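**Q** Sequence:
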Amino acid sequence: MNHKLELQFQTCSNQSKNLLVCLHGNSVDSNYFSVLLAGVAGWRVVAPDFIGHGESPKLDSEDYNYENFVQCLVQFIDQFSYDRLVIVGHSMGGNLAIELMNLLQIDGLLLMASLPVSYSSKLSPYLKMPDFKLSERHQENRILAEKYLSQLSTDQSSISYLTQAFLKTDPVFRDRLLEEFGAMKFSDQLELLQQNNTTYVGYLMGLEDAAINREYLNQLVKEEIFDFFDVIPNCGHYSFIEAPLENKKFVLKFIERV
Numbered sequence: 001m002n003h004k005l006e007l008q009f010q011t012c013s014n015q016s017k018n019l020l021v022c023l024h025g026n027s028v029d030s031n032y033f034s035v036l037l038a039g040v041a042g043w044r045v046v047a048p049d050f051i052g053h054g055e056s057p058k059l060d061s062e063d064y065n066y067e068n069f070v071q072c073l074v075q076f077i078d079q080f081s082y083d084r085l086v087i088v089g090h091s092m093g094g095n096l097a098i099e100l101m102n103l104l105q106i107d108g109l110l111l112m113a114s115l116p117v118s119y120s121s122k123l124s125p126y127l128k129m130p131d132f133k134l135s136e137r138h139q140e141n142r143i144l145a146e147k148y149l150s151q152l153s154t155d156q157s158s159i160s161y162l163t164q165a166f167l168k169t170d171p172v173f174r175d176r177l178l179e180e181f182g183a184m185k186f187s188d189q190l191e192l193l194q195q196n197n198t199t200y201v202g203y204l205m206g207l208e209d210a211a212i213n214r215e216y217l218n219q220l221v222k223e224e225i226f227d228f229f230d231v232i233p234n235c236g237h238y239s240f241i242e243a244p245l246e247n248k249k250f251v252l253k254f255i256e257r258v
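In this text, residue positions in the sequence shown follow the working numbering: the first is 1, and each later residue adds one.
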């Protein structure tokens, strides 16, 4: 992929020079951050759909790779004029956001249910969750998606919403996720965070998140990798869907400290 791709995105009308970029996880879309897109005082909020997700372009299988995802995000953010930049990244979006620390001057980075990849640690950021491929049979896909999501959320309305987002995601990306994307050639992200002395880094998660490796998380908290750490009660992996207003309060709390 040598040409520039334009990511579709949502934004609030605020034209502030403070830019809040919200990056969703795999197989959902920018609607995940609708409560922030409703407005954050003093900040312009933008939330793109990743390639293969939501309303953004779909690609050939070989173009779904780490380099293209990062390149698209840099191009996306560069189109805006800003004085301060804060990025909120959920799950896969958080891992991609960490990569941007090498390429952009970021004032604040809030990782949501997104642990840094580490090649030096023997601990995995995520627990092994059985994933699935999308087929041409819509009803079968729905059943598979609901079964998968029920491991990550107990809220039925959240599962229903997320199922629709999963089914809208490019099935070619889903195949690529299983084959390669889950083990993309990220940087040693833990090392990046350990060496960081310019970006205020926070971590936020749902108390009942079944996807996160708690042993690894506890190790990072003990090592004081994060400048800000908090837990949202009564929420799982998709906390912004399960408790949007509560999540917004925590995000605002983080922004105030940046």
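For the record, the hints were derived by calculation from the structure and aren't laboratory data. Keep in mind that this is a model prediction, so the values were computed, not measured. Don't take each hint at face value.
What the hints assert, rightly or not - Only pairs whose alpha carbons sit at most 25 Å apart, straight line, appear in this in silico BS3-like list of lysine-lysine:
(1) 17 with 253
(2) 147 with 168
(3) 168 with 17
(4) 168 with 4
(5) 253 with 222
(6) 249 with 17
(7) 58 with 168
(8) 4 with 58
**Q** Run through the hints listed earlier and report the numbers of any the structure violates, in increasing order.
**A** 3
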